[in-house]
Amino acid sequence: MELLEGIQSRASALKLSAPGPTREHLEQILRAAMRAPDHGRLKPWRFVVLEGEARSTLADAMAELLQRKAPQATQAQLDAERAKPMRAPTIVVAAARIAKGKIPEIEQVASVAAGVQNMFLAAHALGYGVMWKTGAAAYDAEVKKALGLLPEDHIVAMLYLGTIVTPGKVVSHPLEDAIISP
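38 is the number of the first residue of the sequence shown in the working numbering; add one for each residue after it.
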């Protein structure tokens, strides 16, 4: 797949199934993330890879978050929340670990976001479907702790990866809507 073709044909998958990326492909996807621009060479990216039963770590943390935020949640609602990470065979949680110093925090988070886009494109080029998720779990200290992250880490994405069952629609946006002239 040519680079521009890959970028222009990229779309979030609507439904995924097994298999997820092979070990070799997952390594290529993660290495692609680490090629993102990185002001100051701080290497702010941290990745938590969840496959198989390891996804239950995130599932349980998400259900516990719902229970804390909404004590009236029904068992059906808790079960639905717990089922969300099971929608893909592989999840890569991408987080920014901020280094204090002269490089602004936003630039470090932007580096991880650029890395996430690289992962998305690499997975697409390798034939996998991807969904970029966040939600309340991405901002919760207890969820971060369950994943082995620090409370001050910024979860930028929870990338769901797998085989495409239902593809997303490629949406084109008018270029003139994005250009501002002074």
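The set of hints was computed from the structure by calculation and includes no laboratory data. There could be a bad hint or two in this list.
[As the list claims (entries may be wrong)] Here are the in silico distance ranges between beta carbons for each label pair:
(1) 112 to 79: 23 to 29 angstroms
(2) 42 to 173: 33 to 39 angstroms
(3) 109 to 68: 27 to 33 angstroms
(4) 108 to 43: 15 to 21 angstroms
(5) 205 to 40: 38 to 44 angstroms
(6) 97 to 211: 39 to 45 angstroms
(7) 175 to 47: 20 to 26 angstroms
(8) 65 to 143: 25 to 31 angstroms
(9) 116 to 175: 19 to 25 angstroms
[Unchecked claim] Simulated crosslink set (DSS-like; lysine-lysine; CA at most 30 angstroms straight-line):
(10) 137 to 170
(11) 206 to 106
(12) 52 to 106
(13) 170 to 206
(14) 206 to 80
(15) 80 to 137
(16) 206 to 139
(17) 137 to 206
(18) 182 to 106
(19) 80 to 182
(20) 121 to 52
(21) 139 to 182
(22) 52 to 139
(23) 170 to 52
(24) 121 to 137
(25) 121 to 106
(26) 137 to 52
(27) 206 to 52
(28) 139 to 106
(29) 121 to 182
Ideal Cβ positions, reconstructed from N, Cα and C, are used throughout, including at glycine.
Among the hints numbered above, which are violated by the structure, and what are their numbers in rising order?
-> Result: hints 1, 3, 4, 5, 11, 14, 16, 17, 22, 24, 26, 28 break, sorted rising.
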